[in-house]
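S.K.: What follows is each chain in one-letter form.
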Amino acid sequence: MDFDLTKEQEMTQKMVRTFAEEVIGPRAIEIDKEAKFPEDIFKEMGKLGLLGIPFPEAYGGSGGDTLAYALAVEEIGRVCGSTGLSYAAAVSLGASPIYYFGTEEQKQTYLTPLATGEALGSFGLTEPNAGSDAGGTKTTATLQNDEYVINGEKCFITNASYAKTIIVTAVTGKDQKGKNIISAIIVPTDTDGVKIKNEYDKMGVRGSDTAEIVLEDVRVPRENLLGDPEKGFKQFLYTLDGGRISIAALALGIAQGSLDKALKYAKERKQFGQSISSFQSIQFKLADMAMEVELARNIVWKAAWLKDNNRAFTKESAFAKLYASETAFRTANEAIQIHGGYGYMREYEVERYLRDAKLLEIGEGTSEVQRMVIARQLGC
Amino acid sequence: MNIYVLMKKTFDTEEKIAVNNGKIEDDGAEFIINPYDEYAMEEAIKQREEHGGEVTVVTVGNEDSEKQLRTALAMGADKAVLINIEEDVEETDQFTTVKILEAFFDDKDVDLILAGNVAIDQASGQVGPRLAERLNIPYVTTITDLQIKGETVEIERDVEGDIEKVETTLPLLVTCQQGLNEPRYPSLPGIMKAKKKPLEELELDDLDLEEEDVEPKTKTIDVFLPPEKEAGRVLEGELDDQVKELVSLLNKESKVI
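In order, the protein sequence lines correspond to chains A and B.
Using the UniProt record's numbering, you'd call the opening residue of the first sequence number 1 and step up by one each time.
Using the UniProt record's numbering, you'd call the opening residue of the second sequence number 1 and step up by one each time.
Hints are computed from structural coordinates only; laboratory data are not their basis.
Among the hints, a few may not be true.
Unchecked claim - Derived EDC-like pairs (lysine to aspartate or glutamate); straight-line CA-CA distance at most 20 angstroms:
| # | chain 1 | residue 1 | chain 2 | residue 2 |
| --- | --- | --- | --- | --- |
| 1 | A | K47 | B | E42 |
| 2 | B | K196 | A | E268 |
| 3 | B | K193 | A | E10 |
| 4 | B | K197 | A | E34 |
| 5 | B | K195 | A | E10 |
| 6 | B | K229 | A | E216 |
| 7 | A | K14 | B | E42 |
| 8 | A | K267 | B | E42 |
| 9 | A | K47 | B | E228 |
Said to hold, decoys possible - Covered stretches of chain B (chain A as the covering partner; in silico rule of three or more C-beta atoms under 8 angstroms from a C-beta of chain A):
| # | segment |
| --- | --- |
| 10 | 113-127 |
| 11 | 189-198 |
Unchecked claim - Over the 12 angstroms line for every Cβ pair with chain A, so calculated as not near, a few chain B residues:
| # | residue |
| --- | --- |
| 12 | I32 |
| 13 | E42 |
| 14 | A103 |
| 15 | E151 |
| 16 | K165 |
| 17 | T168 |
| 18 | D241 |
| 19 | L249 |
| 20 | K255 |
What you are looking at is a predicted structure, and each value in this text was computed from that prediction instead of being measured.
All C-beta atoms in this analysis are idealised placements derived from N, C-alpha and C, irrespective of residue type, glycine included.
Construct all of the structure, not just a fragment, from the sequences and the given hints.
M.R.: Structure, rendered in structure tokens:
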């Protein structure tokens, strides 16, 4: 076994850590408080090639791997959950499906601007009555004169207000058994009939854009169909498997950030004449937090490694997402507890970590759905 | 233009320093590019972008120095040279480093050499100037601006907060001060390309040097940490009494007057 990162992975980790600490960290409180998507930070991330890590140079990417990408997400999540979520969604959901399933032409046209960071992409799967239960999708796309006419509604879509393209899932017909066929279609956001509004007032990840999309007689050319028309469902299951690794990496970042802050505070804070880190009750909390963070890291890295080595990773990515997000929540919660009253204040940042972590137990498949995925992999 | 950057790896500034038996423990410590050398790296890349040519980054170090060299390549250097002295040399000082670099530059056609103002570990600031002396080229230290116009070089240097303007010619060695530029982050494409760039590894043998040639000229007697800062004392009472007490304390207790 080899737990060492490659030199490229190590450099990526170091560079993103420095960038996150110097550029994103000082603004994390403001990003959350004003619930404002940091467009300028994304421009800089684009220039550094962060938005194209797992894509080949031919499509404007950086030619890195899933593990390097997961390391980058972790480092950003460590200082700012909002930025981390927008980043993870842009790469894993907005751009990756085009890379996995797109034609050469689609990749050139749509993936390149996303990989270079010129534009952001979104993935429109969730609807008011469908998400992990994709079978409940109500949005339809009907073929008329070589054009898809799309009608429907999407909700909770990350980055949509800033996106140039949205990959929309829609019912395109019925199979022999009468079940809905779901396909994915690339919809440029400037197409007539696309309405995007971001009016959600969220508990956490407040600086990450989340929007509702209404599609009314949206017409796109037939060539915008992404991948196999019959296998749309399989395609986004694969996409979601990959997305889970990045959400797990983000959770890992939040957990690590919470641990860092709690440990630092515990060493500095004096009560009863000594640092509170010398009290066993605090030590036990910190020990558990450190252990869980490391275990989360192991499964995140393993899932990424499996994907990079073209092995099956459905079960491991669900393990990673489930364990890391629950670890992030517990760790942030304990970090607040260690901070006492100060931890409840925005200035100390750990309360934000808890609010941000909560989303990760819900988004891209709730913890319950992760357990279903795992159980299915066990043959249940 | 043939541009060279002298680079040293130093302890990460966040690393806790531990001393054992008169030696600084570096087991498991994180190392970084000396921050002043990052200004040198950035300036080298900027000068190449403006005037063309090639940037070579050179370090005297050990196997682990490859990491910092790769980072320099990821920032944009074209070539890297690691002069690995781990096997050959036990004790080193500034003389050792200069002697090795002098041998390295012996057959090189150099236009510009950039180094950090000081390394943040030992902060001697000697290697740059001494190397220039040995190579018999002009040098300017603590520069904050560098304009190359043909053979003429216009430099601004930091003199204890003031600016001194210097005009000189190529070939030249400069040492770089904070304020010269904002070092770039190595980009992801840069990181990926770094592995394909040439990294040459040399040993003393390759430079026709023997161990005796580079023996340090100085001897380290002891290495110790500064005493831990103790809690301050607040004097109370009438102002006159406080002054008297302060004078007496400075005189008798801390013996500074």
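S.K.: Checked against the structure, which of the hints given earlier come out wrong?
M.R.: 2, 4, 6, 8, 9, 10, 12
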